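Protein chains in written order, with this note's numbering: chain A, 1 to 451; chain B, 1 to 451.
By construction, these hints were calculated from the structure, which means they are not laboratory data.
Be aware that one or more of the hints could be misleading.
What the hints assert, rightly or not - Below, a list of computed lysine to aspartate or glutamate pairs in the EDC-like style, where the Cα atoms sit at most 16 Å apart:
hint, chain 1, residue 1, chain 2, residue 2
1, B, Lys182, A, Glu424
2, B, Lys250, A, Glu11
3, B, Lys400, B, Asp257
4, A, Lys182, B, Glu71
5, A, Lys17, A, Glu91
6, B, Lys126, B, Asp200
7, A, Lys92, B, Glu11
8, A, Lys250, B, Glu11
All of these numbers come straight from a predicted model, not from anything done at the bench.
Protein chains: 2
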Amino acid sequence: MSDEQVVYTLEPDEEIKAWYNVVADLPTPPPPALHPGTKQPAGPDDLAPLFPMDLIMQEVSQERYIEIPEEVLDVYRQYRPSPLYRARNWEKKLGTPARIYVKYEGVSPAGSHKVNTAVPQVYYNKKSGITRLTTETGAGQWGTALAYACALFGVTCEVWQVGASFDAKPQRRVLMEVFGAKVHRSPSRLTNAGRAFPEDHPGSLGIAISEAVEVAAPDPGAKYALGSVLNHVLLHQTVIGQETLLQLAKAGEGAPDVVIGCAGGGSNFAGLAFPFLREKLVHGTKTRLVAVEPTSCPTLTRGEYRYDFGDTACTTPLFKMYTLGHDFVPSPIHAGGLRYHGMAPLVSHVLHEGLMEAVALHQNECFEAGVEFARTQGIVPAPESSHALAQARREALAAKESGEEKVIVVGLSGHGLLEISAYEQFLAGKLTDDPLSESALTAALAGVPEV
Amino acid sequence: MSDEQVVYTLEPDEEIKAWYNVVADLPTPPPPALHPGTKQPAGPDDLAPLFPMDLIMQEVSQERYIEIPEEVLDVYRQYRPSPLYRARNWEKKLGTPARIYVKYEGVSPAGSHKVNTAVPQVYYNKKSGITRLTTETGAGQWGTALAYACALFGVTCEVWQVGASFDAKPQRRVLMEVFGAKVHRSPSRLTNAGRAFPEDHPGSLGIAISEAVEVAAPDPGAKYALGSVLNHVLLHQTVIGQETLLQLAKAGEGAPDVVIGCAGGGSNFAGLAFPFLREKLVHGTKTRLVAVEPTSCPTLTRGEYRYDFGDTACTTPLFKMYTLGHDFVPSPIHAGGLRYHGMAPLVSHVLHEGLMEAVALHQNECFEAGVEFARTQGIVPAPESSHALAQARREALAAKESGEEKVIVVGLSGHGLLEISAYEQFLAGKLTDDPLSESALTAALAGVPEV
Chain A
1 MSDEQVVYTL EPDEEIKAWY NVVADLPTPP PPALHPGTKQ PAGPDDLAPL
51 FPMDLIMQEV SQERYIEIPE EVLDVYRQYR PSPLYRARNW EKKLGTPARI
101 YVKYEGVSPA GSHKVNTAVP QVYYNKKSGI TRLTTETGAG QWGTALAYAC
151 ALFGVTCEVW QVGASFDAKP QRRVLMEVFG AKVHRSPSRL TNAGRAFPED
201 HPGSLGIAIS EAVEVAAPDP GAKYALGSVL NHVLLHQTVI GQETLLQLAK
251 AGEGAPDVVI GCAGGGSNFA GLAFPFLREK LVHGTKTRLV AVEPTSCPTL
301 TRGEYRYDFG DTACTTPLFK MYTLGHDFVP SPIHAGGLRY HGMAPLVSHV
351 LHEGLMEAVA LHQNECFEAG VEFARTQGIV PAPESSHALA QARREALAAK
401 ESGEEKVIVV GLSGHGLLEI SAYEQFLAGK LTDDPLSESA LTAALAGVPE
451 V
Chain B
1 MSDEQVVYTL EPDEEIKAWY NVVADLPTPP PPALHPGTKQ PAGPDDLAPL
51 FPMDLIMQEV SQERYIEIPE EVLDVYRQYR PSPLYRARNW EKKLGTPARI
101 YVKYEGVSPA GSHKVNTAVP QVYYNKKSGI TRLTTETGAG QWGTALAYAC
151 ALFGVTCEVW QVGASFDAKP QRRVLMEVFG AKVHRSPSRL TNAGRAFPED
201 HPGSLGIAIS EAVEVAAPDP GAKYALGSVL NHVLLHQTVI GQETLLQLAK
251 AGEGAPDVVI GCAGGGSNFA GLAFPFLREK LVHGTKTRLV AVEPTSCPTL
301 TRGEYRYDFG DTACTTPLFK MYTLGHDFVP SPIHAGGLRY HGMAPLVSHV
351 LHEGLMEAVA LHQNECFEAG VEFARTQGIV PAPESSHALA QARREALAAK
401 ESGEEKVIVV GLSGHGLLEI SAYEQFLAGK LTDDPLSESA LTAALAGVPE
451 V
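Pulled out of the complex, with its shape left as it was, chain A reads as follows (with noise of 0.2 Å):
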């Protein structure tokens, strides 16, 4: 291959087909989720209401690798194996010795990841029989997602966009439109978990899952669908890291030094780096695997490792995670995809024993790095995406310092196309940072309920 090659792709015969499930390998099972009534184990049967049973079983499975079904390979190869990038132009701008590796998810459907869920999500309900899901959405990239794929298998799609984000970023709402989807914004008039709320409050992940799963409960042909935190969409997502860990090979590289991710909720990050967790656990790689969230949501790295509700109307079961408390709602920042309260139970269990790390970065270094990203290598990265490549730099020119030829892996998550309002303001020097306050933290983490 040519020493200035900057795609790696796979063969068709290299296709990922089956999911990876961390847990098989994981030292320590993760804790069991709980009834919020009666605070015993979460059964299948619990989830029944809201997940067709094939996505529960694969929530609860121990299974290793999970065959993926042909009608999700079938949409998969529209748009996967997703390129994976060596960022030469950042490089030489960087002036460093380390090599930059960024896998690009932005080339999907929908502009990012999601779509590598929303399409075995829908699938499997369609099969149960289902004919209208319902979900929320913080940037949007899941919203679009969701729609995109209910568009290809004829099911009926309702949204709850984040207030802040519904109003930000009409464009993105439209864009849900154009595949088909109804977009409400949140906190609606049409909740009960909504009303609870004055119609102008910019919303919060946590409403908006309360609002979505409100409707879809009672409804027989309904059900909800999440973007993220649960082990079954963070399985899904496994087809990134397996794909990068090929790609990586035919670059000729060994083991990366590092591999860097944003975190939200967390399946962008698991599906990147859970197939490089495997290469630590079985093969004992020394790859540091890092998650990156905004300062004004530290969730990882600075909320508490409790039992929490996944909502604000504490209607999901219990989750062992890292949470500032189900009440909290961030600061509106342009990284809309970063605000969750929580953290997924298995990236909690994986931080929680030590092996991977978190940071948090503020935002203006967030947009800094994704502005020079899009000037050297043609990408416009989404605001949550640039929280990974800022600590990407931040590695890099630590390894020019030394004189490290660390080899970095980073995950685009998606382009910022439909973002491109934040970029003007930070363009126009007008965006603040906003980190949380001591005293907020403590009013939210009062909220965690004791278990």
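Chain B: place on chain A using the hints.
Relative to chain A, chain B alone:
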């Protein structure tokens, strides 16, 4: 290969390493450009104030293939080969026996085919010592592409954006700014050509070209770059059609029945179609080549084949082309890239020789096809590209009627993620069609000079 394959790509050793110059294969030579003062054939020296000599030599070249510089290939490799998709979901939705192949240029850094020529144009300018480039942009795709290419090569970029487009989609302007360009609304107050019009005028490509040319011409460190129309621009785009030929062969197809592209200035259409025209001229294939334009700017279908200026201020050479008159200002439709008063001289010549066809479509039919395509294939097309899709839909439905297993190739020149407000208006039923009236046509043509 699988019967279900949807994406066709190429191996590294199948890389396109030369641009194809259709002039070498045409049965009759295209008429020369004329000097605007002397009305004599314009020589390379007449173009020297605007373009570097490498590009001028390509403009007048008779060579069949022109080698692509390694520095340009390096950038192409970031996004080329662009994918050829078999649009299986759309075929099913249409119930057509036709096989529809979509060549998708939206994977490029700027989201359209324009990067294919922006990169070599900036490269040759930089090589000749130029440090500043000026240009016009209609829909914004060309300005975005040039801004990116300038960022890569460290050249200052200044863009005059057609007023109607500047007002309708601020996101496009911001994207150019993210890539480091300075953007002006045209008509601006910075040039004589701009000051000839009221400040709130919707603008036109003709006016914006005049402005960019006026600023570049007197500055020895500056040149002007054009995003379509000229021979060298069409030449650079032929990587599209050359790749498509190889990809179709991988799909097991022979010569397609029809190749369809939208045409504004003509470079997108030519880039896809000219390599297929070579197959017709040299190997006698029967492929129909169809250019699609809007009814509001029907250059090929209702313009006259005459010598006319490329810009409103009459500063460019005279080109023999289909024209609606250089002072024609089309209604501000959403497909801003299809609002040029003229058509590439090479495309005009090929149409006049009877080697291709042209059709004009209303914008509502185009957006309808665009939404249908998004819901089935997951890609929101640029409003320009939706014109080609609408014609492909007509061909596919005709095949359904006749029961023919037609092979349709359609160029999807870019995505419409920054034109999403146009889709919003379409979904709300607010788009009107504004075909050019007979009286407006007559008035516009009265301005074409006698040569």
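So, going through the hints one by one against the coordinates:
Annotation: proposed proximity of lysine 182 of chain B to glutamate 424 of chain A holds, straight-line Cα distance about 13 Å (limit 16 Å). A threshold of 16 Å between alpha carbons decides the hint, and for lysine 250 of chain B with glutamate 11 of chain A the separation of about 14 Å falls inside it, so the pair holds. Of the supplied pair hints, the one linking lysine 400 of chain B and aspartate 257 of chain B holds, its CA atoms being roughly 14 Å apart against a limit of 16 Å. Annotation: proposed proximity of lysine 182 of chain A to glutamate 71 of chain B is violated, straight-line Cα distance about 47 Å (limit 16 Å).
Only pairs whose Cα atoms come within 16 Å are accepted, and lysine 17 of chain A paired with glutamate 91 of chain A is rejected, the gap being roughly 33 Å. For a cut-off of 16 Å, the pair hint linking lysine 126 of chain B to aspartate 200 of chain B is broken: about 35 Å separates their Cα positions. Under the criterion of a C-alpha separation no larger than 16 Å, the hint pairing lysine 92 of chain A with glutamate 11 of chain B is inconsistent with the structure, at around 27 Å. A hinted pair counts as satisfied when its Cα atoms are at most 16 Å apart, and lysine 250 of chain A with glutamate 11 of chain B qualifies at roughly 14 Å.
Going down the numbered hints, you'll see the structure goes against 4, 5, 6 and 7, while the others check out.
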